[in-house]
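Chemist: The lines below spell out each chain.
Protein chains: 4
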Amino acid sequence: MRAARLFEYHKPLRIVDADYPQIKRPDHVIVRIRGAGACHTDLHVVEGVWRVSLPLTLGHENTGVVEEVGEGVEGFKRNDPVVVHPVMTCGVCRACRAGEDMYCENLEFVGMGRDGGFAEFMLTSVRSLIRADGLDLVEVAPLADAGLTAIRAVKKAAPGLYPGSFTAVIGVGGLGHIAIQLLKQMTTTNIIAVDIVESKLRLAEQLGSEYVVNARDDPVKEVMAITGGRGVNVALDFVGTQTTHETCLRILRKGGKFIVVGYGGVINLRSADMIANELTIEGSLVGNYIELQDLVELTRLGKLKVITNRYGLDQVNEVLDKLKTGELIGRAVLTP
Amino acid sequence: MRAARLFEYHKPLRIVDADYPQIKRPDHVIVRIRGAGACHTDLHVVEGVWRVSLPLTLGHENTGVVEEVGEGVEGFKRNDPVVVHPVMTCGVCRACRAGEDMYCENLEFVGMGRDGGFAEFMLTSVRSLIRADGLDLVEVAPLADAGLTAIRAVKKAAPGLYPGSFTAVIGVGGLGHIAIQLLKQMTTTNIIAVDIVESKLRLAEQLGSEYVVNARDDPVKEVMAITGGRGVNVALDFVGTQTTHETCLRILRKGGKFIVVGYGGVINLRSADMIANELTIEGSLVGNYIELQDLVELTRLGKLKVITNRYGLDQVNEVLDKLKTGELIGRAVLTP
Amino acid sequence: MRAARLFEYHKPLRIVDADYPQIKRPDHVIVRIRGAGACHTDLHVVEGVWRVSLPLTLGHENTGVVEEVGEGVEGFKRNDPVVVHPVMTCGVCRACRAGEDMYCENLEFVGMGRDGGFAEFMLTSVRSLIRADGLDLVEVAPLADAGLTAIRAVKKAAPGLYPGSFTAVIGVGGLGHIAIQLLKQMTTTNIIAVDIVESKLRLAEQLGSEYVVNARDDPVKEVMAITGGRGVNVALDFVGTQTTHETCLRILRKGGKFIVVGYGGVINLRSADMIANELTIEGSLVGNYIELQDLVELTRLGKLKVITNRYGLDQVNEVLDKLKTGELIGRAVLTP
Amino acid sequence: MRAARLFEYHKPLRIVDADYPQIKRPDHVIVRIRGAGACHTDLHVVEGVWRVSLPLTLGHENTGVVEEVGEGVEGFKRNDPVVVHPVMTCGVCRACRAGEDMYCENLEFVGMGRDGGFAEFMLTSVRSLIRADGLDLVEVAPLADAGLTAIRAVKKAAPGLYPGSFTAVIGVGGLGHIAIQLLKQMTTTNIIAVDIVESKLRLAEQLGSEYVVNARDDPVKEVMAITGGRGVNVALDFVGTQTTHETCLRILRKGGKFIVVGYGGVINLRSADMIANELTIEGSLVGNYIELQDLVELTRLGKLKVITNRYGLDQVNEVLDKLKTGELIGRAVLTP
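Protein chains in written order, with our numbering: chain A, 1 to 336; chain B, 337 to 672; chain C, 673 to 1008; chain D, 1009 to 1344.
Simulated from the structure, these hints should not be mistaken for laboratory data.
Since the model is a prediction, treat every value here as computed from it, not as a measurement.
Mixed in with the good hints there might be a few duds.
Claimed, not checked - Derived lysine-lysine pairs resembling DSSO-like cross-links, with alpha carbons at most 30 Å apart: (1) C/K996 with A/K303; (2) C/K975 with A/K305; (3) C/K893 with A/K184; (4) C/K926 with D/K1332; (5) A/K303 with C/K749; (6) D/K1085 with C/K926; (7) D/K1032 with B/K491; (8) B/K492 with C/K827; (9) A/K254 with B/K491; (10) A/K324 with B/K491; (11) C/K926 with D/K1032; (12) D/K1262 with C/K996; (13) A/K184 with B/K492; (14) C/K975 with A/K184; (15) D/K1192 with B/K641; (16) D/K1164 with C/K926; (17) C/K828 with D/K1163; (18) B/K360 with C/K749; (19) D/K1032 with A/K24; (20) B/K590 with D/K1032; (21) C/K975 with A/K221; (22) D/K1332 with C/K827; (23) C/K893 with A/K305; (24) A/K303 with C/K827; (25) D/K1330 with D/K1313; (26) B/K639 with D/K1192; (27) C/K828 with D/K1311; (28) A/K156 with C/K827; (29) A/K303 with C/K893; (30) C/K827 with D/K1330; (31) D/K1330 with B/K520; (32) B/K590 with A/K24.
Said to hold, decoys possible - Take a look, some chain A residues computed to stay more than 10 Å from chain B by CB distance: (33) Y9; (34) K254; (35) A272.
For glycine and all other residues, C-beta sits at the position ideal for the given N, C-alpha and C.
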């Protein structure tokens, strides 16, 4: 089967003929990939930020139809359309029993720890499948990581928000444009969308952002002006550079929360400043199976729409380049 | 009246004859100070970490008896024994209406923003008073800041703790020895007390710490060994140096929480590490009026005991020196 | 001044010439009433459900402009437009310090425990005032009780709701039509509006209810059909008759929550049934000052619209009759 | 194998020779029973409160050692000592994914829906097993239901409790004497233990209850006196008769919570009273797998001790009689 694989850090992926995966456990499932979203984390893997075992097929944001199932699989059969949660979990550790899939003690991450979905077929486990009947499998692919990561971050943001509060959404890309929709659905906060691309700010407005700020100007100053000098209640950083981290720390009000989603720089803050304003800095890591179910249901109900751009598998390096330069609107999805 | 005042940063306080305070608003109250605890924040004021208006009478951890009340004061009269919450609040801003006293938009901090309790008398407001009938006013003085700061930090720690979880208490001083007692009262976690003074580790054991670690050895290694290589669920830093901040960040398990109480160093962490382990770093700032009521009640019920050492007002610089060198067991209280 | 007062239970109110109120404490305020909503609780007072001291001026849902202030009042002056929280609170008891206004130990309820807003002027306290600059004082009057009661109930409902969950809103009257809007703003649940008046069900649809059920048919059967036989996650009873209470208890799914807002019947349930399905029955009582601030802000932002019908003070008995028969759409507001 | 089975409602169980259970699925496990606690729910099954399929082997509170495992079982082998969670769950429905075992859509309840542990062997699933190495399997048997039900109820009680609050524990039997210990471990509330047996009240005192009330007197009057006329914050009813339900409803303060654990009577309350005091009535149903893990860990740490009385399997009817008359101190455990 065809697969886009990383053989060496900092080099383009190569489209090769890879082995068809093998079912080794009764709960294993092979999915014929229909949509595989491209993510900044793919870039970070190429850059060697995460040390993986090479060669590796990338792609952790997948949909498809069931091709083959292990003998213990119930509830799914060949050709069932599915969204695939990006991690395979054991189901028996304390974290799994509590529904905290990302903390599974025996977790395997497709496209990171094992071969992912930039390929015709991918192995996963029945515990990672969510039915997607009636949905366009390319359009919902970004739910499996961009959407999932956005909803977890928004859920961390939501408890302290109220009418008249302010939430900064830094970066209106794949994650940010979903986060804005979720904030509108789940909270009454005023949204300030921050980006450096005007068309993305226009998109933010269409999705309901009350305010937009072009970060090429002085975003700290503008956000402080919008908030009457108090700063925001929550800053969601979906970009993850040294610059965006610093911006977030400077726009928080007393008791404010900085939720780190995009990564790349260093968090750096005097503890005296942290105390004086009683700030919280909170990492957010992908999301749980149930949260992915919620996203699929929101899409089915028409309350959430992901903007997608379709590409063939052989365009994978072109897609990763576009992602790097930030010129994509919404999310790019490969259709192997 | 006599008062211990700071005239110049980095210099000892001077005992001077200061003006008796004046009631200027109907809710004002003058308290005759009976106990005034000495705190690391007093040291930080002397060091110029916080820029205050000099000269200033320090002391934000106070008890006493009511001396004089404004005309609008109800419920308190001359000679009533009281614990004094360290901030004066307006009662009408959103934060006050929500019980978040530390976020009051019109907050005044005694011993920081205005004259504190290292003096015979201190001005405050009726909103800051809690009745202390039947209690030893020297023994309960540390509740007003050390205890208050400890309980807020413990409340931030408590929700994720369960039997078999681990909580590191870094520093068994004025705050730490209260935090251990509160963790025992309010949670089922296993406590690992960390300090560099053996007598403080013995105290931690007496108060119920399941484990103690001398930080002169390799505390990261020892904590990781105690927790089976997983790290702690929560690290409470009551010391606040660059070293303790770094230790805390290195002993957290996946999903772990670092609660910053003591301050002095810089929090420094790659956002990729923050994400990969989904860490939370949370500042904790003193505490609310209700939390101070809870501490007073816990003391009344015999469920909390603060270790205090009594000193005269003229020993204030000696006390601050002892605090700096870390040789005090429990809390030092001035009795002006 | 003119006032609509109850002199005898089960009798119409009488429009009489009443004494202008007197400021007796420094925090007292006299408000010139601009809008006074009529509520089922007014009916219940007339019916003698609540034993009050007669004669009494009814009306607990008020807006107006400040007429006169006590000497201790800051932040408000003559002619400031205000929404009035229905209870006067002390600000110093534990409940007040925690923001739980309805539990104030020294609470006074206008229109219940003391004279209310069915009059030209009403006495209240500065703690009950919320600025309403730029708002139509008749249109926002229902926020002060109908809206406030609805938001508290919705906040109790919200934590367990997710996309695909179901919430029954029983009664699309003054409270219900606000609750539907708030559920849309704050949750992703599917709403099932239940009423016996077709025009109210049409209104529910316009406000975003996914389903409507006419209770003249078999509402239990219909709700169970809509929810695939599982029942709803939350039932909000804004009507409060024996029939609606019973309906709510019969449509709950396992773990479901029945939130009692309207009152009038008896809650009756075998504890074995309560356990077997782990049900919760939760009373909801008006709401806090901060929640009223949130409603005023939501209205200012254009996210909430109350449907109002204006009546003169002398139409008060006519209005109470219409309320009883359920023929009003939205809320009736007197304009004394 | 020998088993104590119910053949007819309202009749004693009969000790019969029953079929050894059969493993039918790869996750099935057969446990050799070492301890099987007797519970009021067993009485209720005998009384026909729950309609089950007869004949049925009772017993849902079990420990033992693994006898045989299905081919898909990992992590457990023959002779491993285990505590058995009382329900078998599917692991894939939304409730299971969220850790809410009691809401599993495919739940099977041992001793209720299928044969339980009043027998030499019992079938269950690997998802229900918790390792009990080093523990006395008779002493920990009551954790599997009495303890589990107590901890869930205490967790529902805990959030609103603070120093100076009051919690009534109605019934100091199998559940109540565990609940008191958990309240002491997890909260700072004042406990008022209520029972009709003096020796149980003495036990409550030994376990740390601040107050005890003999319900043969006027418990409502006494509880109101203890609480200064305000009533309790939480009433936990572990008995479940019409009388205890009514007592609980009459001793709640404003905002109070009645947690229904024992069942048998009818909850009956005017909704106007429910609103006026904003009461909550909350059913509590057994508990989750993780909560049982917590109990096992608490026991291992020496923080929880269950009082047990050992009986042979052939004493089962004698034990059920003692349970009915309320003369047992702690929990009776059969050792088949």
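Chemist: Check each numbered hint from earlier against the structure, then list the numbers of those it violates in ascending order.
Modeler: Failing hints, ascending: 1, 3, 5, 6, 7, 10, 20, 22, 23, 27, 30, 31, 34, 35.
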